[in-house]
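Grab the two chains, each in its own frame, and use the hints to assemble them into the complex.
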Amino acid sequence: MGTREFEQLARLESRNRGLAELPLALIPHPLGGIREEEVLKKADLAVDVVVAAVTKS
Amino acid sequence: MTVSGPAAKTFRLDGTYAAINRLYQERGWTDGLPIVPPTEDDVREFLRFTDRDRRDVVAVLPPRQGEATVERIAVNAVMAGCKPEYLPVVITAIEALADPAFNLDSVQATTHPVAPLMIVNGSIARELGIQAGYNAFGQGFRANMTIGRAVRLLLMNVGGGLPGTGDRATQGSPAKIAYCVAENEAENPWEPLHVEHGFPADVSTVTVMGCEGPHNIQDHYSYTGLGILKIIAGAMGQAGSNNLLAFGYPLLSLGPEHAATIARDGYTKGQVKEFIFEQARFPLSRLGEEYRRLHVERRRAVDSPDTLLPIVRSPDDISVIVVGGAGKHSCWQPTFGDQTAPARRPIARKDGTPIRSITELRH
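Heads up: the sequence lines are chains A and B, in that order. The first sequence maps to residues 1 to 57 in the working numbering. The second sequence maps to residues 58 to 420 in the working numbering.
Hint data in this document are derived by calculation from the structure and do not stem from the laboratory. Every residue, glycine too, gets a C-beta built ideally from N, C-alpha and C.
Residues from chain A shown here face chain B by an in silico Cβ test under 8 Å; the list is partial: (1) F6; (2) Q8; (3) L9; (4) L12; (5) E13; (6) N16; (7) R17.
Calculated from the model, a selection of chain A residues having no Cβ within reach of chain B, i.e. all distances over 12 Å: (8) P23; (9) A25; (10) L26; (11) I27; (12) A43; (13) V51; (14) T55.
In isolation and in its complexed conformation, chain B is listed as follows (with noise of 0.2 Å):
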């Protein structure tokens, strides 16, 4: 049953746009940029693509226990400066968030810097333009960019997620301000990520992961799948991240160029898991002594100078996508070790029924 929230608060502001901006920093609605004001006109735009009702609670987003409703996510849209077309891909993240699996409540409050990657896949992304190709995880594009936004801002609005009181990230990062990109799926020599995961290839879906911003693979050199993996598994397994630490479901974001190259020798999604598991381990003895005792004392490890650690517990947990444009660089993201799961929902009518277009929605 869905349950109706409170109606958006609305207040008259005659001033310049400088001043509306003004007035947002100095009561820390925005992330630190100047925001679209999201005027009423503007919101009922947004509105109009969705069959939800402009109350329904979408999600409830902690600390806060904010309820997230149709409305204050347009609002937050309209604010991160997304196309009123951009709202169901919004809706479906937050939805997504919500998932226990995911585990927000960590996800918000922790010292790591962990933040909601969203990763489209389906026809969708390509109808609204969410960049899979060239810089797909860095700018220029104004879906990736304000889709991204628009959930960090909620999160931040909603949520409660303040840097310094619910958010206690130590340092940040750039992804915790817009993480989102399409998969390249033209590219893809396997299956796609949703359609791996049981969605029809027709269904769009989005997928949320706690993640690490991008940590780049540069292999300029192999021209053997089994020489990409090698590599591939020498940058995945590093001390330092949660992974190598707790386990978890880290991600490995190949470009095509990579991808293409493994998939011609022979290898399928689920083998390059299995060689990233066996591979991507890192050496116990080349810890810190605190460290090595932490493995050997609470997570089991056999104290041995052969040890060699594993960053996830089983070749499953390891989430493989294919994105960006030319070139040798492939990109892994660690995440928040097993604090955080990916999740996954349809892009979808309110009562479940995926759309196959955006414009499904509009009316």
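Extracted from the complex, chain A is given alone in its bound form (with noise of 0.2 Å):
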């Protein structure tokens, strides 16, 4: 689980260790420094996503 500003570098790391198919949930940058309503509305976005992630097929 990442942000979208490191997808690349992700992407990278997970080719580079023979896991290129590994799914990714990414949700948007940052992830650092914001407000608590803001965390609240990431964790809410990352739910759908690590769904999404994990029941790719």
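Pasting the structure below:
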């Protein structure tokens, strides 16, 4: 799980470790330095992207 | 067992020095500076200073998981402008960077401006002219500049630590260009770093630490060890470092004059560390509200106006070296919090036997 800003790095790392198909749950950047209501909004969003990532066939 | 990696690819390029450098720039094979073209003859000359096979894999470097073979290390050392006899130091540094405790994965990819600082101890540092005195962290010394640069080129060209992709440093740091120094053992009133960690004095070592650039600590006024230590502790107990956030293993690089005054007043190196552990602290009450809550809710800090936050878990987590020439300056290097720990290797033959002189490896 990470933010879209770091998608390229995450894909590079997973591919180079032989896990090219590793599902990534990506949410909007940033994770740090945000207010609590934004954290909750991102957490809600994260539920959907995690479900989508782990159920992707 | 040593793993054998692929042979380096060779290609023929007819052109001027400028044309060759243009090609290296276009292909992203350099740190931005011009390189020394790594010809087969030059690489062969470098390989005379190791008893390893040219295809031996010294380390696998993330995030690309590139195999740092002896040959690839030599190629990048040529490109960096090293002398052939520097090769064993570069190989040893790469070995140390692969120590799991160093956590090169995170050091390469993080947004933090961490750079691998190489501290060379022992007679080989002097033999190669690795500067330990005046301006040792600065410019002017081929060994410091090119050994540091060779390691950076390897982290980019083999490890794939390229700005914006494999290396996500928000701002980076000049320390990421070249960061290599020798300890000033001649003016160290205590045991040098490698001896403190159990190596015989006549063995040479490379210590790698995931550090920020040097933060200067000026004290021209104190004439007691206690006075200097209070200023040092004040500088190190600062907001904003990863050590205040998450402890780790920070480095204090004492200038020899500060070190002499501190030692004259009876402090051992261990007592210096104890003093810093106790005194290099930042008041919880002076942090911003969000940061204060982080420490209270997630780091178990006592929510009191009197709470002082330490930068390490234990005095032993602080490293102390002596570096530099005359003058009333020291510096400290905050590290990448507890995401990295120092790693150390002797400069040795392939079978692990330490060498006393680089000439022992020449063939």
